[in-house]
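Trainee: One point on numbering: in the numbering used here, the residue at position 142 of the sequence shown is 142, and numbering is uninterrupted.
Mixed in with the good hints there might be a few duds.
[What the hints assert, rightly or not] Per label pair, the in silico range of CB-to-CB distance: (1) R111 to K63: 36 to 46 Å; (2) N33 to N133: 17 to 27 Å; (3) G44 to E95: 23 to 33 Å; (4) D130 to R59: 19 to 29 Å; (5) N31 to E79: 16 to 26 Å; (6) N33 to E95: 18 to 28 Å.
[To be verified] Only pairs whose alpha carbons sit at most 16 Å apart, straight line, appear in this in silico EDC-like list of lysine to aspartate or glutamate: (7) K63 to D16; (8) K110 to E134; (9) K63 to E79; (10) K94 to E149; (11) K110 to D91; (12) K63 to D76; (13) K110 to D17; (14) K115 to D130; (15) K145 to E119; (16) K142 to E105; (17) K145 to D92; (18) K142 to D112; (19) K142 to E79; (20) K94 to E147; (21) K110 to E147; (22) K115 to D92; (23) K142 to D92; (24) K110 to E51.
No wet-lab data here; the hints were simulated from the structure.
None of the values given here were measured: they were computed from a predicted structure.
Idealized CB from N, CA, C, for every residue including glycine.
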Amino acid sequence: MSPNQYKPHILVLPEDDANRQIANGFIQSPNLNARAIQVLPPTGGWQRTVEQFTNDYVRTMRKFPQRMIVLLIDFDNRENRLSYAQSQIPDDLKERVFILGVQSEPENLKRDINKSFEEIGDVLAQDCSDNTNELWGHELLKHNKTELERMILSVKPFLFN
1 MSPNQYKPHI LVLPEDDANR QIANGFIQSP NLNARAIQVL PPTGGWQRTV EQFTNDYVRT
61 MRKFPQRMIV LLIDFDNREN RLSYAQSQIP DDLKERVFIL GVQSEPENLK RDINKSFEEI
121 GDVLAQDCSD NTNELWGHEL LKHNKTELER MILSVKPFLF N
């Protein structure tokens, strides 16, 4: 179900199917107002995610000031990937765009903690709801700390029960 465009809502633009499954696990958490989140189809790569954001969503974000978007990408152990993606976000939208992902690839996290992608998403949502850092503090996710804190401040009031 698509969220009301004129109320606070979040679009999630995943790089690949693994990230889509994590996002779906996140929004299935019982503590979450899932009506306010829409997971979009995978783009097919981190660069395509950034390009699709700039080509297809910048204009609509300006039209719908309550819209936020999460770019869910693999960092592939590249330190400059976050700064590159951030540099593509127009200044007037920086407060409403968040870039999160696994330091390497979701498959490595799945193997490391022995959970399905959807289970990973559920545990991450539980961490957000409970103000804990159990899985977000994992070696492959801890680099998200600053972006996650910024996002929680923006979305927690309308997203979590």
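Trainee: Hint check: K145 vs D92, CA-CA at most 16 Å. Holds or violated?
Mentor: violated, 23 Å
Trainee: Hey, K63 versus D76, does the alpha-carbon distance stay inside 16 Å?
Mentor: violated, 33 Å
Trainee: Need the status of pair K110, D17: alpha-carbon distance at most 16 Å?
Mentor: holds, 13 Å
Trainee: Hey, K110 versus D91, does the alpha-carbon distance stay inside 16 Å?
Mentor: violated, 35 Å
Trainee: K110 and E134: Cα distance at most 16 Å?
Mentor: Between K110 and E134 the Cα gap is close to 15 Å, so the pair holds against 16 Å.
Trainee: Just to be careful, I want the Cα atoms of K115 and D130 compared with a cutoff of 16 Å; is the pair within it?
Mentor: Given that 16 Å is the threshold and the Cα spacing comes to 20 Å, the pair is violated.
Trainee: Holds or violated: K142 and E79, Cα atoms, limit 16 Å.
Mentor: OK: K142 and E79 at ~13 Å, within 16 Å.
Trainee: So does N31 sit 16 to 26 Å from E79, Cβ to Cβ?
Mentor: violated, 33 Å
Trainee: For K110 and E147, compute the direct alpha-carbon distance and say whether it is at most 16 Å.
Mentor: It is violated: about 22 Å lies between the C-alpha atoms, which goes past 16 Å.
Trainee: Just tell me: holds or violated, for the beta carbon distance of D130 and R59 against 19 to 29 Å?
Mentor: violated, 37 Å
Trainee: Can the restraint linking K142 and D92 be considered satisfied, given a maximum Cα separation of 16 Å?
Mentor: violated, 27 Å
Trainee: Within 16 Å, alpha carbon to alpha carbon, are K63 and D16?
Mentor: Given that 16 Å is the threshold and the Cα spacing comes to 27 Å, the pair is violated.
In summary, the numbered hints that this structure violates are 4, 5, 7, 9, 11, 12, 14, 15, 17, 21, 22, 23, 24.
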